[in-house]
Amino acid sequence: MKVTFPHMGNAWIVIQALFETLNVDVAVPPPTSKGTLNLGTKLAPESSCLPLKINLGNYIEAAAKGADTIAITGGIGPCRFGYYGEVERQILRDAGYSYEVVILEPPDGSLWGLAKRIRYLAGRHNSWTKILKAMRFAYRKSVALDEVEDMIHAARPRLLEPLAAEKLYSKAKQHLIEASEDKGLEEAVFRVQQSIKEGQAAFRGEKPLRVGVVGEIYTILDPFSSLDVEQQLGNLGVEVNRSIYLSSWVGQHVFQGLAQGYRPLRDYPRLAKPYLPHFVGGHGQETVGAAVQFAREGADGIIQLLPLGCMPEIVASSVLPRIQADYRIPIMTLTVDEHSGRAGVQTRLEAFVDLLERRRNRTLTREDVLNVARE
Amino acid sequence: MKVGYPRAVHYYDYFPFWAGFFQGLDLELIASPLTNRKILEQGLKKASDETCLPIKLLAGHIQALSGMGVDALFLPRMVSVEEKTYLCPKLLGLPESVFAAVPEGMRILTLDFNVRLGKRRVIRTLEEFAEGLGKTRAEARQGFLLAQNWQERYESRRHEGRSFGESMGEFDPRLAGEAGRTIRFDNPDRDESAAVLTVALVGHPYLTQDNYANLNLVAKLGERAHVRFIEEMEPQGIEQGLQGLHKSVFWSHARKIMGAGAAYIGDEAVDGVIYLSCFGCGTDSMTQDMVARIARQQHKPYMVLTLDEHSGEAGLVTRLEAFLDMTERRVQRESNFSAHG
Ligand code: SF4
Ligand code: SF4
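Chains as they are written, first to last, in the working numbering: chain A, 1 to 375; chain B, 1001 to 1341.
With the rest of the complex left out, here is chain A:
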């Protein structure tokens, strides 16, 4: 058995750590590329959402590395993600890939059923104590990754050399990949902190604009799918804050909600209440709640990211205009799919950042603010 799993930003680092600690043979799919997406798009239903297309591409590329088993999380919706596993199984079967798909979820709510599936992947040679220990370490690794990423968000607009932050980021990631105990994690985080402090000392510019990124989890966590929105914003001198971090996803999906993650999601539903008092699947309600939070914290603007056709986020985007009006904060919705191009995204981001700047300098009319969401 050789296990693979779909990419989602840095998630692979955590999942690989988990399996490797347990001595499970894994094949990490090659980093997602345009080619990956093309492979997936050919097999996927045309109107399926972008993450499904990328997932399929990842599996095909992992098959070439000898993978024969897919581990994916599930859930009972109501958004499409909960049904990805089964649809992907059928698509791969008909395309001639003999993959076994193991959906890591409590089938019919049974935690015992989930335990059996984990046991199946982990094999006999691992005791439950060892499995739990590995899971906890993987979780801490995800928190460390989030800490680093958050610092990078702050560093991008403040480091003078444009690529300095990216270099720091990839070096830190490498350290975290290699870390096999807590000490390594702490050290990696500490080192980034130090380097940023030093690099920032020379920064004399005005306070960077702050933008909150909210929306669908995959596009938020996976820079390939969003065409590096966060990095692009950083390059435009913006400090990014975001609604969901990787460890929250790990806490939700791997720990069935028992761990909250670096950025807890639990306040979002309450904040969303006046605008959307019910969950709508995916992270639709979290998007609305996070938008309220960013607005209250005085962010300069908010960007909602979503794959074309994403059901929960379409609901969220229909209520965001009310938050925009109530808090007088510009909110832009950015939809991506397999046809999205970097240039197009860049143009929209530039226009948005320009608007935020003019707004800060008070050279803006009311129409400008209200129009951004609809552009």
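It cannot be assumed that every hint is accurate.
[Said to hold, decoys possible] Simulated restraints, written as ranges between beta carbons of each label pair:
hint: 1; chain 1: A; residue 1: Asp228; chain 2: B; residue 2: Ala1176; range: 56 to 62 Å
hint: 2; chain 1: A; residue 1: His339; chain 2: B; residue 2: Ala1138; range: 54 to 60 Å
hint: 3; chain 1: A; residue 1: Arg342; chain 2: B; residue 2: Ile1108; range: 53 to 59 Å
hint: 4; chain 1: B; residue 1: Glu1082; chain 2: A; residue 2: Gly205; range: 54 to 60 Å
Everything labelled a hint here was simulated from the structure, so no lab data went into it. For every residue, glycine included, the Cβ atom is placed at its ideal position computed from N, Cα and C.
Chain B with the ligands: place on chain A using the hints.
Quick look at chain B with the ligands alone, frame taken from chain A:
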């Protein structure tokens, strides 16, 4: 007090339930007019561009209530109608996501309908709702009984094979007069012998039964074929159709479409299957793909028609004719084959 119910999305499945409930409260619940061009156009103006056609139509129907002299709009949040399933996320986002379409000053009545929380919670929700309208808890419970009764009656009429117009017409007087005529399937004067084919039209009832949205597809299809719908299939048939899945489908409507679609594909009395979908439907993107796979495996004539606000009648007719011709040839070939074999 007269309350309006938009003739869109869950109207097509659950209106009898809500009509019964309001009847029990001694309030009048009336549906908006049949979909027409103006409703579609107004819907497009007030709904998000990216959303699906049915939600756009819903936005239009909400606006259409303003001319009807209703005192309020009723738009429940239908979360779940049976165990272990939900409705579509976009329906969970009602009514908030269509607030922009609500006419100025119109009161909105809503409640969360969620059977996953248990029957007692459902009844309590209905009681609270009734109290908000100055009715008693007893009246709410009365209404709930009537609601269940009407809904069951509607569903069993459909299982008997009665048309949508006839079955729904019992609870929605407007439909009895108007929509019945356009459905050829229940035209008693129709020459049965002319139709040699039986075609199943699978898809959301708000597409298959909204004759404006589907460009009168059912009537056109009815000229050459007996038309079967997913609502006609009994739960056991749907269950049967879902057998091959490794994980159960958790949206009730998609479950029905998937199960009935698969069952019709496996049914020898059905010559072909048409999946009627619409642009922007998230759940269809999954079920449509799975139904297509089953049709391919079983060599059943199968076609997908995707509606959107720009769909033209001409294109639809051409594709429909071609599909029916192909299916007819298949049926003839197979009957020749068995006659000689
Ligand atoms: S959240 Fe949106 S993009 Fe993600 S699986 Fe659900 S519908 Fe698709
Ligand atoms: S099921 Fe499809 S058509 Fe119906 S509301 Fe949801 S997305 Fe729209």
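Hints, one by one, checked against the model:
| no. | hint | in the structure |
| --- | --- | --- |
| 1 | A:Asp228 / B:Ala1176: 56 to 62 Å | 58 Å, holds |
| 2 | A:His339 / B:Ala1138: 54 to 60 Å | 58 Å, holds |
| 3 | A:Arg342 / B:Ile1108: 53 to 59 Å | 43 Å, violated |
| 4 | B:Glu1082 / A:Gly205: 54 to 60 Å | 58 Å, holds |
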